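J.: Sequence:
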Amino acid sequence: MKPPTRPPKIGKDGNEIIQVPLYVAATSPFTLVTFDEGDEPAFTLEQVNSGTYDRLKICRTTTQLNPMLPVMGQMAVIVSYTGALLFPGMSGVNEEAALDSANRILLKITFGGIDFDAMMPSDIGFGVIYGTGYYRAGGGATGPNFSSLMALQNRDAGSFDTMKLLDSRVCTSSEIHAALQKGTPVVEGIPEISPSLFLNGLTYFRQGQLAPAMVFLWSTCESLIGRLWNDHVVPTEVSISQRKRFIEGNGWQAAQKIEVLFQKNLIENTLYEQLSCARTARNSLAHRATHPNINDCKAALLGAFKLISAIRSNGETQNEFELLATRLATALDPKTGPVEPKYWREILSIPGDEKWDGAYAKHPAIELIPIAKINNKTGENS
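Residue numbers (my numbering): 1 to 382.
Rather than coming from a laboratory, the hints here were simulated on the basis of the structure.
Treat the hints with care, since some could be wrong.
Said to hold, decoys possible - Cross-link-like lysine-lysine pairs, in silico, BS3-like; alpha carbons within 27 Å at most: (1) Lys9 <-> Lys57; (2) Lys335 <-> Lys355; (3) Lys257 <-> Lys57; (4) Lys57 <-> Lys164; (5) Lys257 <-> Lys244; (6) Lys164 <-> Lys335; (7) Lys355 <-> Lys342; (8) Lys164 <-> Lys9.
What you are looking at is a predicted structure, and each value in this text was computed from that prediction instead of being measured.
Construct the complete structure from the given sequences, taking the supplied hints into account.
T.: Spelled out as C-alpha cells, the structure:
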C-alpha cells in the first residue's frame, strides 16, 4: 500500500512553495559575491546602527560552481551573496563531503588570487533554499562564521558583525569564476596537495597560530618534495638490480631528498634554505616542543608555493606564485603608520572609568587596593 501523498504547500502568492534542505558552509574572510552589473553593495552606517539594512540581500544567492562531487552528478554548489557555499542535503552528501569539497573549491580560488580561510567543521550547518533563490541558515553549527551569518540574516547581529557590511571584500560572480578557473589546474594537477591541510596551514599562519601552521605547512612541503622525488629521481626504467627498491625505500628522509633534488638543479638556493629552516623548526616542535617563530613559518609557507611552482615547471622556475605567496606571508608583518578608524560608536561606560556616573553594586572583596610605596612600619621599600 502506497503512503498517502501530501498536497504541495502553497504560498500567499498562490504559487507552490519549493524548498530544498541544505548544508550551509559559511566562509571567511567575509566576502560579498555580487552579480556582474548593477549589484554594488549599498549598506549605510545608519542602516547598520539601526538594524534596518537589507537583510534579504544577506539571504540571497548569486552564482553556482562545480563541486567536484560525483555523488552530486550535474548539480552545482550554490554561492550565496555572503560567499557561503550551499550543498544540497541529499543522499551521499554529508558534513564531511561538504567540508572536503568546500576546502578544495576555496584552495582553487585562493590560487586564482582571491584567498579564503580554510573551512572549519564548526562552520558547516543546516539550512533551506527556496525556489526563489533565497535561503536561510537554520542552525546545527556553532562556528563564528556560521553564527555571524545567521545573526545577519535575522537582523540580530552585534555591531562587530554588522560593521562587516560596510567594509567587506566585494567580488563579482565573474571574478569568482575566473579565480576558480585559474586555480583548478594547479590543485587538480598535483593530487599530493591536501586542500584541507594546506589551506589550514595558511589560515593558522594568518591567525598567528604558528605551531599548527608549521605542522600543516611542513606536511604539505613533505608531500610536494615526495612528488618531485618521484618525478625526477625514481627511475621509470630500471636496469640495475634492486635500485628501484632502494630509491623508493622509506630510508630516504626529507633532508636527503632535498639535497639530491638540489644537486639535480630542481631546487634552487633560496628554496633549499627555506626548506632546511622549516624542517629544522618542525623537528624541534615535534621532538622538543620548541615553538616555531614567524620566520620559520614564513619559510614553510614560501617553500610550499615554490615547490608547487617547481613541480608544474619540471624544475624550471620556483617563482610562479611569488606575488600570492609574498602577500600571504606578510599577513603578520607589523603595520606602520597611524591608525585611522573609519567608523565610530560610543563604548558603554563601566564603574571606575572617567565617564561613569551613578550608583552600582559594590563588592569590597573584588576591589583593587593600591600598594603603598613606603612601608609605614619599617620605612623600607615594599
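J.: Decide, hint by hint, whether the structure agrees.
T.: Structure-based check of all given hints:
no., hint, in the structure
1, Lys9 <-> Lys57, "holds, 24 Å"
2, Lys335 <-> Lys355, "violated, 31 Å"
3, Lys257 <-> Lys57, "violated, 53 Å"
4, Lys57 <-> Lys164, "holds, 14 Å"
5, Lys257 <-> Lys244, "holds, 15 Å"
6, Lys164 <-> Lys335, "holds, 21 Å"
7, Lys355 <-> Lys342, "holds, 23 Å"
8, Lys164 <-> Lys9, "violated, 36 Å"
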